[in-house]
Every structure is written in C-alpha cells, then in structure tokens.
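Undergrad: Residue numbers (my numbering), protein chains in the order written: chain G, 96 to 399; chain F, 79 to 399; chain A, 93 to 553.
A hint or two may mislead.
[Unchecked claim] Stretches of chain A that chain G covers, calculated by requiring three or more beta carbons in the stretch to come under 8 Å of a beta carbon on chain G: (1) 178-188; (2) 195-201; (3) 365-375; (4) 379-393.
Derived from the structure by calculation, the hints contain no laboratory data.
Computed from a predicted model, the values in this text were never measured in an experiment.
Note that beta-carbon positions come from the ideal geometry of N, C-alpha and C, so glycine has one too.
This is what each chain is made of:
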Amino acid sequence: MTTARLSGQTGQFGAPHSRAKRTNRHVAAYLFLGALIFYFLIPIWWLIVASTKDVGGLFSGTAGALWFDETFAFGANLASLFTYNDGIYLQWLGNSLFYAISGGAGATILAVLAGYGFAKFRFAGRRFFFSILLGSVMVPLTALVIPTFILLSQVGLTDTIWAVILPSLLNPFGVYLMLVYATDAVPDELLDAARVDGAGEFRTFVQVAFPLLRPAFVTVLLLSIVGSWNNYFLPLAMLSNTRLFPITVGLGLWQGQASANNSGGESLWGLIIIGSLVSVIPLVIAFLSLQKYWQGGLSLGSLK
Amino acid sequence: MAVAPPVAVQSPRQASSKPAQPESRGKRSGRRRPSLVGWAFIAPFAVVFAVFLVAPLAYAFYLSLFSKGLATGTTFTGWDNYIRAFTDDSFVNGVWFVIRFAIVLIPVQMAVSLGVALVLDAITTRFARAARLIIFLPYAIPAVIGALMWGFLYSPTFGPLDQLFGLFGVDAPFLLGPDTVFGGLMNVVTWQWAGYYMIIIYAALQGIDPALYEAAKIDGANAWQVAFRIKVPLVSSALVLILVFALIGTLQFFTEPQILRLASNGTITPDFTPNIYAYNQAFAYANFNYASAISFALGVVVFIAVYVFLFFTRKRGSDFS
Amino acid sequence: MHLGAGPKGFTVKKNLLVATASAVTLMAALSGCAGGSTGTSSSASDCTNKIVNTDAPVVTMWAWYPNMPAVIDNFNNAHDDVQVCWNNVGQGGAQYDKVQTAISAGKGLPDVVMLEADHLAGYAIQGALVDIAEYGANDVKGNFSEGAWKDVSLGDAVYAAPVDGGPMAMIYRTDVFEQYGIDSPPTTWDEYRAAAEKVKAAGGPLFGDLGSNVPAVMMALQIQKGADPFAYDLTTPEDIRITLDDPDSQEVLDYWAGLVEDGLVGTVDQFTTDYISGVVSGEYATYISAAWAPGYLSGAGVGVGESEGVWAVAPLPQWDTAKPVSVNWGGSAFAVTSQAKDPALAAKVALGVYADPASLEDGWKNQIIFPLNQDVLTSDEFVNNESAFFSGQTANKDVYVPAENAYKGFVYPPIIVYYYAQLQAQLAKINAGEIGGAEAATELQQIMVEYAEGEGFSVSE
Chain G
96 MTTARLSGQT
106 GQFGAPHSRA
116 KRTNRHVAAY
126 LFLGALIFYF
136 LIPIWWLIVA
146 STKDVGGLFS
156 GTAGALWFDE
166 TFAFGANLAS
176 LFTYNDGIYL
186 QWLGNSLFYA
196 ISGGAGATIL
206 AVLAGYGFAK
216 FRFAGRRFFF
226 SILLGSVMVP
236 LTALVIPTFI
246 LLSQVGLTDT
256 IWAVILPSLL
266 NPFGVYLMLV
276 YATDAVPDEL
286 LDAARVDGAG
296 EFRTFVQVAF
306 PLLRPAFVTV
316 LLLSIVGSWN
326 NYFLPLAMLS
336 NTRLFPITVG
346 LGLWQGQASA
356 NNSGGESLWG
366 LIIIGSLVSV
376 IPLVIAFLSL
386 QKYWQGGLSL
396 GSLK
Chain F
79 MAVAPPVAVQ
89 SPRQASSKPA
99 QPESRGKRSG
109 RRRPSLVGWA
119 FIAPFAVVFA
129 VFLVAPLAYA
139 FYLSLFSKGL
149 ATGTTFTGWD
159 NYIRAFTDDS
169 FVNGVWFVIR
179 FAIVLIPVQM
189 AVSLGVALVL
199 DAITTRFARA
209 ARLIIFLPYA
219 IPAVIGALMW
229 GFLYSPTFGP
239 LDQLFGLFGV
249 DAPFLLGPDT
259 VFGGLMNVVT
269 WQWAGYYMII
279 IYAALQGIDP
289 ALYEAAKIDG
299 ANAWQVAFRI
309 KVPLVSSALV
319 LILVFALIGT
329 LQFFTEPQIL
339 RLASNGTITP
349 DFTPNIYAYN
359 QAFAYANFNY
369 ASAISFALGV
379 VVFIAVYVFL
389 FFTRKRGSDF
399 S
Chain A
93 MHLGAGPKGF
103 TVKKNLLVAT
113 ASAVTLMAAL
123 SGCAGGSTGT
133 SSSASDCTNK
143 IVNTDAPVVT
153 MWAWYPNMPA
163 VIDNFNNAHD
173 DVQVCWNNVG
183 QGGAQYDKVQ
193 TAISAGKGLP
203 DVVMLEADHL
213 AGYAIQGALV
223 DIAEYGANDV
233 KGNFSEGAWK
243 DVSLGDAVYA
253 APVDGGPMAM
263 IYRTDVFEQY
273 GIDSPPTTWD
283 EYRAAAEKVK
293 AAGGPLFGDL
303 GSNVPAVMMA
313 LQIQKGADPF
323 AYDLTTPEDI
333 RITLDDPDSQ
343 EVLDYWAGLV
353 EDGLVGTVDQ
363 FTTDYISGVV
373 SGEYATYISA
383 AWAPGYLSGA
393 GVGVGESEGV
403 WAVAPLPQWD
413 TAKPVSVNWG
423 GSAFAVTSQA
433 KDPALAAKVA
443 LGVYADPASL
453 EDGWKNQIIF
463 PLNQDVLTSD
473 EFVNNESAFF
483 SGQTANKDVY
493 VPAENAYKGF
503 VYPPIIVYYY
513 AQLQAQLAKI
523 NAGEIGGAEA
533 ATELQQIMVE
543 YAEGEGFSVS
553 E
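Assemble the whole structure, with the sequences as input and the hints as a guide.
TA: Here it is as structure tokens:
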C-alpha cells in the first residue's frame with residue numbers, strides 16, 4: 096500500500112574519493128550558499144535596522160542604510176505603531192489572520208472534496224470540467240475584479256468580510272494537487288472494502304480516504320493560507336471600511352498617505368517600516384515552527 | 079506574479095509514474111458508483127468556481143464586446159475592442175515587455191533554484207538546513223512588502239547601493255531608471271520566488287529513490303554526473319510545471335511594478351505591463367469595456383505562450399499533462 | 093478556525109453538498125454559519141467614527157485628511173438632524189480607484205466624497221455627482237474667493253463644497269541663498285534661472301525639482317504663463333477644446349527642459365522617500381510648491397535637526413511682474429454622489445462638514461490644510477500667524493493669502509486623469525533627456541485630441 100511517509104533518506108551519495116576533494120567541493124558549495132544567504136537576507140536585515148530608526152535617522156542618518164543609528168527608536172516606533180489611529184494596526188493584523196485561516200481552510204476543504212471526487216469517481220462532464228479547471232489558471236485577475244465586485248454588490252456583500260473570504264475559496268490548483276495525490280494515495284480496493292462493509296460514500300471519505308489524504312491536506316492548507324495572507328488586489332477592491340482591511344491593504348493605505356502631499360505633520364514612513372516588519376513575523380514563525388509539515392508535505396514524493 | 083502556487087504532491091516512490099490525468103486510475107471500480115456521488119463531492123467547489131470564476135469571466139467577456147466613450151453612450155461594437163488592443167502601442171509594447179522579461183527572467187530564476195536545490199540535496203548539514211529556510215523565507219513575505227523593501231534599497235540617496243558605490247567614488251546606478259528597470263524588477267522577482275521554486279525542486283529531489291544513486295555509484299559516476307544525468311532528468315517534469323507557472327505569472331506581471339511605480343521617477347508608466355494597463359483603463363480612465371478586452375487579449379497571449387512552450391518541451395520527452 | 097478539519101466542519105460541507113448549486117444559497121449558508129459562531133461579521137454601515145445622535149439619519153462619507161476623526165466629531169456633536177458615518181479608503185489616487193469602481197458597478201459609493209477639484213468634471217460627466225446648487229450651495233458662495241468657487245463649478249452647476257486649496261509659492265533655504273550670495277529671492281523666472289546658474293557654478297545644490305509625478309504643477313505653471321489648455325462645460329457635454337501646444341505651453345515646458353538639460357533642477361519624483369531624503373540633506377535650494385507644503389515637509393521630517401530654521405517662503409516667480417498671475421496646486425472639496433439616498437441631506441453634510449471654526453482651526457494650526465473659507469483667511473489670528481516651519485515668518489500674510497485672493501480658478505476637463513498620465517510620461521522623457529519641451533507639447537496635443545475623439549468628444553483645438 097502506498098502510504099505517504101516523510102522522506103527519511105540520509106542523503107548519502109557520492110561518497111568521497113578522497114577526503115581533500117570532498118572538503119574542496121564542500122567549501123565551494125558553502126561559499127555558494129553563503130553568498131545566497133547574504134543576498135536573501137539583505138532586505139530583511141535592512142528592514143530590521145530601519146525599524147530602529149526615527150524619521151531623521153531614516154532619511155539622513157549617518158550610519159548608512161544597513162547599520163543602526165545613534166538614536167535607537169525601536170521601542171518608540173513600536174509604541175506608535177500600536178497606538179496610531181486607536182491601534183488600527185492590531186485590527187489589521189487580526190483581520191489578516193482571520194481571512195488567511197478561514198479562507199485557507201475553506202479552500203482546502205473544497206479542494207480535498209473535489210480532488211477526491213475527480214480522482215475516484217467517473218461521472219458525466221468530468222473530463223470537460225477538468226480541462227476548464229486547468230485552463231482557469233491563465234485568467235488575468237484584473238479581468239475578474241469589477242465583475243466580481245458587481246456580483247457581490249448585488250447581494251450586498253461588498254465591504255464585508257465575505258467579499259474577501261468567499262472569492263479566496265477558489266483554489267483550482269489545490270484541487271489539481273489533491274487529485275494527483277488522491278489518485279495514488281487512496282487505493283480503490285480500500286474504498287470498495289469500506290463500501291462492502293456498508294459505509295456510505297461520505298463516511299467512507301471521512302473515515303478511510305481522508306486519513307490517507309492528510310499530508311497533502313496540510314500542504315494545500317499551508318499554501319492556501321499563505322496565498323490568502325499575501326492577497327492584496329482582491330481586498331483592495333472589495334473593502335472600503337478600514338476596520339476590515341487586512342495588513343497588506345492597510346500598509347498600502349499608509350504608503351499612499353505617506354507618499355501623497357498631505358500627511359498632516361506626521362511621518363508615516365517609520366510606521367510603514369516597522370509595520371512591515373511586525374507583519375512578517377507571524378508567517379516567519381509559522382514557517383519555522385511548521386517546518387516539519389512543509390518538508391513533510393512537499394517531500395511526499397516527486398513531481399510529475 | 080500573482081498565480082496559484084505550483085506545488086505537486088504525490089505519493090512516494092513514483093518518480094517516473096504515469097501522467098496525472100484523472101483518467102489514469104480508478105477505472106475498474108468507478109463504473110459501479112453512481113455519477114451523482116462524484117458530482118456531490120465536486121459540487122461545493124464547482125459552485126465557487128461557477129460563481130467566482132465563470133460568472134465574472136462571462137460577464138467581463140460580455141462587456142468587452144461593447145464600447146463606451148465618456149461623451150457617448152454604450153454601443154455594441156463586437157470585436158472592435160480586440161482589434162483596437164492589438165493595434166494599440168501601449169498594449170503591444172506591454173506584451174512585448176513581459177515576453178522579453180519572461181525569456182530572460184525564467185531561465186535565471188530556474189538556474190538559481192535548481193542549483194541551490196541540487197546543492198542542498200547533496201549536503202545535509204545544519205548550515206544547509208538553515209540556508210534552505212532562509213532562501214525560502216521571502217515566500218512568506220507578501221509581494222507588496224517585498225517590493226516596498228526593494229524600493230527603499232534602490233534609493234540612490236539613502237540606499238546601501240549609494241554607500242557601496244560611494245566607496246569607489248562613483249554614483250550608484252538607479253535600478254528603476256529607463257535602462258535599468260528590467261534588471262531592477264528581475265532582481266525583486268527572483269528574490270521573491272526563487273526560494274519557493276527551490277523548495278519544490280528540492281522536494282522532488284528528495285523523492286528520488288536513493289537506490290538509483292547507489293547503482294550509478296557502482297557504475298563509477300561522480301557527483302556531477304549523478305546530478306545532471308540522474309537527478310535533473312528525474313525532476314524534469316517538475317521543472318516544466320514550475321516553468322509553466324512562472325510563465326503565466328510573469329506574463330500577468332502586476333504587483334511589483336505597480337508598487338515600485340511610485341519610486342521609479344516615471345519609468346514605470348501606466349501601460350508598463352498589459353495587466354497594469356488594463357487596471358488603469360478600468361480604474362483610472364473609467365473604460366471598463368476596453369479593460370475587459372485587454373484582459374481577454376492578454377489571456378489569449380498567455381494561452382498561446384503556454385501552448386507553444388508545452389509543445390516544445392513535450393517534444394523533448396516530458397509527460398506534463 | 094471553525095472551518096478547520098473536523099466533524100463539525102464537514103457537517104456544514106455535507107449540507108452544502110445537498111444544497112442546490114445556487115450562488116445565493118452558498119453565500120447565505122456560509123455567512124449564516126460563520127457569522128453566528130465568530131461574531132465578527134459586519135455590515136456595510138460600519139463607520140470609523142462614533143455616531144452621537146443615534147436617532148438621526150446617517151450620511152456616509154469618504155475622506156482622507158488625518159484630522160478627520162476630530163472634524164467628524166465636531167459635526168456630529170453639533171447636529172441632531174443628521175450624522176456622518178466616515179471612512180478613509182485611501183489618499184487621492186487610491187480612493188479615486190475605489191470611486192471609479194463603484195461608479196462602474198453602479199453601487200458602493202458613499203453619499204459624500206472628498207475629491208480634488210481637478211477630478212470633478214471626470215466624475216460629473218459620468219453622472220456620478222449631484223449639482224448641489226439646487227441644495228443651497230450658492231448660499232455659501234460668498235465664503236470663498238472667485239477662483240476657489242470656479243474650481244468646483246462647471247458653468248452654473250456646483251459639484252462640490254470647497255474646503256482647502258494650494259496657492260503656489262516658492263519655498264527656499266535661507267542658508268543656501270546666503271552662502272551663494274543670492275541676496276533676495278528671485279521674483280521672475282529669468283531671475284530664477286540666473287540664481288540657479290550662479291549657485292550651480294559655485295558648486296551649490298539644485299534649484300528645485302521637476303518631478304514627473306506632479307503633472308498638476310506643470311499645468312499650473314503653464315497657465316501662469318498664459319496657457320489655457322482646456323475649455324469644457326457640462327451644458328454641452330460633448331464639446332471640448334484642447335490647446336496644449338500653444339506658444340505659452342511650449343515655452344514653459346522648454347524653460348524647464350532647459351533647466352533639466354543644464355543640470356540646474358532635480359529630476360526625482362516628488363513625495364518619494366528619495367526626494368524627502370534629498371530635501372533633508374540639502375540637495376535642493378528651492379521647492380516650487382503650494383501652501384500645504386510646510387505641513388507635508390515637516391511631517392516628512394524636514395525642518396527638524398540639521399534642516400531646522402533654514403526655510404523661508406517667497407511669492408512664486410512671475411513671467412511678467414507687471415501682470416502677476418496666481419496659480420493653485422491641490423486642495424480638496426466635498427461632493428455629493430448620485431448614489432446618495434437623500435441628496436439634500438448629503439448636500440447639507442458636504443457644505444457643513446469641515447466648515448465650522450473649530451475644525452478649520454484644527455486643520456490650519458496642525459498644518460493639515462490651507463483653508464479657503466474667507467472667515468479664516470481674513471481672521472487676524474490666521475493672517476498674522478508666525479509659522480514655526482518658516483522660523484516665525486508670517487507666511488500667510490506675506491505670501492499665501494495674497495496668492496489665494498488673486499487666484500482666478502482653472503477649467504478642468506473630464507479627461508484629466510488621462511491627461512496627467514500623458515503629461516507625466518512626457519515629463520519623464522524630458523527628465524531622461526529624450527525630448528525637448530516644444531516637442532513634448534506637440535506630442536501631447538496630438539495624443540489628447542486622438543484620445544478625446546476616441547471617447548466621443550467633438551474636439552476643437
């Protein structure tokens with residue numbers, strides 16, 4: 096039986112012909128990795144450094160862009176971030192979490208059901224729907240925004256949380272992934288056995304198939320959550336009430352205010368920078384703590 | 079670069095199995111089950127699909143067949159908007175830009191992510207694990223924030239480039255200027271997505287049966303030969319899949335140039351990419367009919383590009399569905 | 093959360109499986125289920141402010157000024173018969189995108205919306221704005237200068253209630269002027285260029301900046317020279333006159349292209365962090381700007397630390413000092429949208445909000461606005477205010493109030509957004525040294541005429 100398992104191999108291959116040669120090759124590899132780490136970390140390092148500066152230090156500091164200024168304003172920046180506009184930033188952060196988790200979970204559940212349905216059942220229109228599904232990833236998003244806006248406004252859902260959550264339930268690629276996975280991971284014999292035992296189709300799915308699909312479920316869930324978390328265009332178009340904004344749109348609002356001609360005696364650039372840093376933290380923590388799942392989910396097997 | 083994330087998961091040890099068409103499995107027992115049950119499982123997704131993709135798309139297509147000037151009423155004009163799009167310099171130049179961008183960007187991005195994945199697959203030290211996480215990290219950062227950060231870093235007056243070049247007594251190049259914006263954007267996109275592609279390739283590499291390496295070793299293959307004769311061919315379909323998604327994402331290029339526009343001193347124009355042009359036609363110039371036509375025309379271009387690409391890779395033996 | 097894996101989540105889904113595949117049903121089912129369990133569902137009537145008199149009818153509003161919370165509270169506290177429900181959906185361009193979406197959709201506009209005067213015609217021609225002359229707008233006409241009123245009017249129709257403006261002037265650095273021997277601020281554009289050359293020859297900083305992202309400034313400077321780029325009136329909505337390549341327009345573009353070519357002015361977009369950083373570090377000796385600029389600059393961190401106490405303001409240089417012309421950049425007004433349920437009530441809000449003495453005082457004292465209300469413009473406190481940013485200079489009396497009073501108003505076309513985009517593109521080309529001023533003017537004329545004809549206008553040149 097093909098059950099999913101975490102990749103356990105130790106990666107021992109190409110045993111060294113000689114110790115020296117191996118070391119040389121590794122030195123080159125380490126230098127390569129080191130250079131890449133430097134490159135990928137630079138913007139993040141800059142973000143951390145910049146978030147400790149006050150406005151003066153940011154634009155005319157003497158220490159340069161990549162090092163700390165004399166004035167260490169991290170605490171002050173953080174305090175003004177959480178108090179500006181009655182602490183609207185925290186609200187945005189909470190909204191982002193809520194949209195990401197509810198939209199991500201919903202999309203994943205729909206994807207599991209549909210992927211399983213495509214993989215394990217024959218029915219009329221199946222091939223046709225499947226090819227439409229694959230084609231749908233080529234649709235430019237801009238084409239959908241205004242019609243979706245009109246549609247949702249007909250039922251009075253624009254400027255509500257549903258305007259963000261419902262469209263993000265659509266994840267055709269998640270369906271494709273679940274289909275690919277379910278095809279091999281859920282043996283037909285097992286399903287047939289459950290049916291022989293008298294289990295209904297839905298119970299068979301919940302009790303037999305779903306446990307086998309769980310690793311792919313977690314991966315699709317993580318991908319959908321990240322997708323919803325990073326979403327910018329959709330909530331930007333749908334929401335007017337600032338209290339409903341997710342963090343990306345909120346920071347965009349501040350950026351617009353900061354780069355336009357009227358910020359009313361207050362510099363928002365400092366808030367934008369520290370706000371960006373703080374908003375990145377939840378996902379970074381999630382990535383680090385869910386490492387096992389990422390690797391587990393992704394290394395379930397090879398790709399087509 | 080807003081496109082569904084490409085990751086394929088599959089059960090283990092199936093590195094060279096059949097294509098993932100729904101037709102490939104389950105035929106034996108399938109016939110016995112009523113087709114309604116299959117639909118029942120798909121129905122929730124189908125509803126969302128119909129409401130949030132098919133319906134808006136059909137509506138947008140309908141709108142694209144009409145024209146409305148600011149000073150005139152709406153009239154049915156059939157294909158006129160499409161004819162206009164393909165003779166509109168703004169649209170054609172934008173398409174040309176994203177095609178050139180894709181042709182240069184994607185190989186670079188693939189080379190970086192494939193190279194890193196191969197190195198990480200070969201080394202299993204703590205340092206390598208840390209490197210894998212750090213290179214993957216930009217994926218956790220929203221594109222909006224990533225672009226914002228690079229905008230700051232590109233600043234010729236207070237960015238780090240200024241200091242770096244200052245050491246040699248020359249002025250730093252402005253990476254969003256007319257001659258440099260291509261490279262400037264390429265850097266942002268590579269930074270944002272290369273780690274993600276790397277992880278996918280890495281996962282595929284981890285799925286290869288180590289016994290294959292053992293066999294190769296017995297035959298006297300060195301590490302380079304193992305990498306390029308065994309590993310790369312075995313993950314080639316993963317590469318094709320990623321390439322298709324990178325291609326679709328690049329042709330629909332929007333978020334990064336839209337954010338960096340504010341810092342580009344006019345280099346990034348309102349018709350810089352087709353998607354930005356469509357956005358501005360709809361939201362800034364109040365011409366949603368034409369904007370819909372541009373979006374559809376872009377969809378056609380994307381479709382042709384992907385088809386051409388798959389045609390050529392298929393010839394070389396890929397079984398991407 | 094509650095939708096996560098688990099028996100409960102699946103029960104919901106199972107019900108849905110059976111449900112008909114109708115969109116409305118799905119939405120209703122999902123909203124019913126999650127709304128109940130989370131309690132965070134919200135309706136469209138959410139406001140960022142408090143409604144004081146809950147019995148009164150509510151008028152919804154979008155506006156972006158940072159002191160709007162105080163302004164709205166002032167209004168709501170003073171009114172029993174109407175309350176404002178306010179939201180900030182973005183500054184300028186971001187909000188305009190939303191306004192346009194809602195106009196296209198025919199739904200989603202608030203009752204009252206803050207707009208810059210240059211956008212009024214573009215929305216009015218789409219039938220999105222209400223002529224508030226019918227609702228008593230002309231009663232307050234006397235509170236504003238002729239120019240301010242002309243900006244919000246199209247013919248006899250009045251499409252918004254003015255709040256604040258941006259009479260233009262020249263901000264400069266006294267330390268730079270002193271160091272390079274510029275004894276008095278230039279009063280003409282010829283003197284301006286001469287001073288720029290003198291400073292540059294001595295190795296000094298740039299004399300201003302031609303940011304491509306502020307096309308409104310170029311338009312104002314061309315009008316100052318005598319250009320009259322557009323004629324438009326909604327009574328004959330299909331007729332428009334476009335004159336962008338007349339000698340005056342060409343000459344002003346050439347003048348600035350020349351400054352760019354000789355390296356006398358900067359070419360960085362304004363309001364960017366890059367630009368601010370240049371201003372703070374003394375890369376610019378002057379800033380051709382509007383009356384709200386001190387607020388913007390001090391908010392961006394200019395005028396503190398090393399750049400404190402070095403700023404002063406002088407009137408905008410003229411082409412002909414015998415016939416000085418005053419021009420305007422920016423400012424805002426409140427318009428009533430045609431989606432308002434009760435236009436009369438909405439007009440009352442548009443005319444009344446940010447019009448009370450307390451709000452206006454809060455606005456100008458915190459350097460958020462340059463008010464247009466004559467009660468403020470003539471008040472002793474405002475006129476004689478010693479500006480902290482300008483080290484105690486009575487900037488209002490010396491420069492800004494006279495400039496506002498002399499302002500005659502502009503005519504904006506309904507295709508202004510497209511025009512700004514095209515002008516911006518030409519300015520970027522000028523900054524890149526690809527094109528001369530006169531050439532840019534000719535190209536603009538051709539592009540705009542073609543565009544206007546494509547939009548169905550009958551164009552005269």
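Undergrad: Is the coverage entry for the region 365-375 of chain A by chain G consistent with the three-residue Cβ rule at 8 Å?
TA: holds (count 5)
Undergrad: Just to make sure I understand the rule, a stretch counts as covered if three or more of its residues have a C-beta closer than 8 Å to a C-beta of the chain. Does the region 195-201 of chain A meet that for chain G?
TA: holds (count 5)
Undergrad: Between the region 379-393 of chain A and chain G, see if three or more residues pass the 8 Å beta-carbon test, and mark the coverage as holds or violated.
TA: holds (count 9)
Undergrad: Cut-off 8 Å, C-beta pairs, minimum 3 residues; does the coverage of the region 178-188 of chain A by chain G stand?
TA: Contact hint for the region 178-188 of chain A vs chain G: holds, 8 residues under 8 Å.
In this structure, none of the earlier numbered hints is contradicted; all agree with it.
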